[in-house]
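Chemist: Keeping their order, the protein sequence lines are chains U and Y.
Throughout, the working numbering is defined as the position within the first sequence, counted from one, plus 12.
Throughout, the working numbering is defined as the position within the second sequence, counted from one, plus 129.
These aren't lab readings, by the way, just hints derived from the structure by calculation.
These numbers were taken from a predicted model, which means no experiment stands behind them.
We treat Cβ as the ideally placed atom computed from N, Cα and C, and that holds for glycine.
Be aware that a few hints might be false.
[What the hints assert, rightly or not] Part of the chain Y face toward chain U, derived, beta carbon under 8 Å: (1) Ala-241; (2) Thr-242; (3) Glu-246; (4) Ala-286; (5) Val-287; (6) Asn-290.
[What the hints assert, rightly or not] Quick list of simulated restraints, FRET-style, between CB atoms: (7) Y:Glu-271 with U:Arg-113: 39 to 45 Å; (8) Y:Asp-240 with U:Asp-59: 24 to 30 Å; (9) Y:Glu-215 with U:Arg-113: 55 to 61 Å; (10) U:Ala-74 with Y:Tyr-411: 53 to 59 Å.
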Amino acid sequence: MIRMSQVDDLFATAFNDSVHAGLDKVLGHSGTEAVLVHMKMADGFPDPMEFHVKLLALFGPAGTLSLEKAIVKHLTTGRSLEVLEIDGVLDFNATVSSVRRGANALPQAMP
Amino acid sequence: MTTQEVDAPAPVRTNRQTKTSRAESSELAEARIPTLLGLKQLMNGPIRTMLIKGLAGTGKTTVALEILKAAGKGNGAYISSRVPQELLETHIPAMKETLENQEFLDVRLEDATSALEFVMRLTDPKKVKTVVFDSWDALAKEFDSKERLRAEKTLIAVSNNSGAQLVFVSEEPGATTIDYLVDGILEMSTVEEQDRAVREFTIHKLRGTKIPQRKYLFTLMDGRFTFFEPYATPNYSEIRKFTPVADIDEAYSLGSPALDRLLGGMVPGSTLTVEYDEDVPYFALRAIELPPIINFLAMGRSAILLPLPGANTGLTSSVLTRAVGEGTPSDRLHILDVLRSSDLETTSMTKHATPNEIHEVVTNETTRLRKKSVDQAMLHVNSIAALENLFASDLDSLLEVTSQEIITLQQSRDAHILFLPANSPIRSRILSMSSSHARLSVRDGAVVMFGVKPYTGIYALQHLDDPILPSLTQLV
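With the sequences and hints as input, model every part of the structure.
Modeler: As structure tokens, this is what we get:
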């Protein structure tokens with residue numbers, strides 16, 4: 013039996029990994045590290061909303077959309093979750109929450 | 130025949146003029162137009178990211194610092210991966226104040242991640258307007274190609290979003306990933322011009338900006354970046370009354386402090402040959418031709434001018450009149466137009482005058498004008514091209530007569546200036562008879578001048594203030 017706190021921890025780890033992987037794919041390792049250090053999010057689980065706001069400040073709407081798409085794509089890849097359609101506009105916070113809810117509903121799907 | 134009258138003071142001899150750097154600096158300041166090409170656009174327009182590339186010692190850092198300076202006090206940041214601030218200020222003292230006024234980040238011992246984070250920190254709150262990364266490749270070499278491209282895209286995305294301008298300095302000669310990402314590319318180089326090294330930059334790219342010319346000469350005189358646009362014809366409507374330039378010790382002044390500094394004036398009895406390439410604009414030659422004549426007249430002396438082919442004698446007279454002042458033209462100047470039939474008629478020569486006949490006219494005029502010179506000194510300014518055009522079939526005679534003239538003038542202690550086309554068939558003979566030899570050529574549209582004999586540095590010739598007097602800025 014998996015407890016909710018374990019699910020949260022698992023999701024936090026998965027989200028953290030996806031943030032790194034998504035940013036890394038676009039910005040490279042140094043760019044990713046620099047961004048996370050700059051956002052003071054190098055350690056630990058970033059709050060999606062705060063993360064989104066900081067990305068916007070640094071990269072603007074277009075850059076942020078590209079980065080968030082890469083993060084969400086990584087977050088949902090390989091899971092038996094219905095990937096949300098991302099068509100130009102992405103509500104990062106809502107999307108991450110949705111994925112998290114899906115994770116709660118399907119905890120066995122988490123890696 | 131054209132004559133002009135001059136009310137002139139007695140000549141004054143003074144000690145050799147000191148080589149004032151003040152005059153040179155003043156000229157240089159006027160030449161420095163920081164609105165060049167993309168540099169202005171970099172400050173205000175569509176150019177957000179610029180790559181300045183070139184081999185070591187070609188002036189990249191100075192140009193980058195000029196851009197930083199233009200950002201305004203406190204609006205720029207300099208990220209150095211090569212030298213500490215103190216050393217950079219020692220290398221380029223003229224930029225000490227700029228460096229002190231802007232943020233300086235020494236990332237020599239930092240990794241690439243830290244350097245990227247510096248840029249984000251500088252640009253995120255729109256803290257600075259311009260960031261110079263000198264040099265980017267010193268850090269980028271730590272990356273593999275894919276990682277490098279991503280790091281560069283990160284920097285450019287951050288820069289684009291913040292509105293800050295990002296200037297990358299690179300010593301990598303070939304095209305790298307950053308070449309494709311930036312809005313503008315300037316390449317600095319050192320090239321040979323007439324056996325002298327000059328600096329040149331090439332505009333490879335300037336997005337959204339018309340590039341009127343791809344290559345320009347520039348100098349780092351006084352530790353500042355000064356570029357040279359193509360030679361611009363002087364505006365003779367702005368001629369001012371000429372101020373006579375006193376003799377320099379035992380030498381006659383060339384009428385221009387800049388020319389005197391370059392060539393040291395004209396020793397009495399000497400022949401100065403001014404050699405020029407075929408693409409040197411006519412007005413640039415006049416900038417060498419007219420000041421000595423005007424100065425001789427203004428000093429109360431006499432002169433004979435055989436103008437360059439195509440010269441407008443009326444315009445020449447008009448310029449001389451306005452420069453020397455009311456009371457001109459005088460009978461102390463003879464402008465000999467050997468191609469004009471009226472001149473030949475007044476001198477009782479046939480239309481097919483020989484070199485010896487021309488020489489005779491000059492000799493007679495010299496005798497007449499010498500009496501009118503306040504100290505019997507005369508200036509002879511002759512165009513070899515004009516004589517060659519006239520005596521193309523008899524160049525040996527022309528050479529013989531020119532040789533006689535040089536010897537005669539040596540004995541009389543007159544001054545003699547010859548204008549010699551570089552492709553003249555009698556070039557080597559003329560030069561072998563010349564006491565001094567200056568050369569003019571054109572590079573990237575700019576007129577450059579230097580002394581061959583005596584050997585001098587190379588200078589860009591412009592008209593910055595006075596349409597008559599040339600301004601010479603050393604190319605260093």
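Chemist: So, for every hint listed, does it hold in this structure?
Modeler: Here's how the hints hold up against the structure:
no.	hint	result
1	Ala-241	holds, 4 Å
2	Thr-242	holds, 4 Å
3	Glu-246	holds, 4 Å
4	Ala-286	holds, 5 Å
5	Val-287	holds, 6 Å
6	Asn-290	holds, 4 Å
7	Y:Glu-271 with U:Arg-113: 39 to 45 Å	holds, 42 Å
8	Y:Asp-240 with U:Asp-59: 24 to 30 Å	holds, 27 Å
9	Y:Glu-215 with U:Arg-113: 55 to 61 Å	holds, 58 Å
10	U:Ala-74 with Y:Tyr-411: 53 to 59 Å	holds, 55 Å
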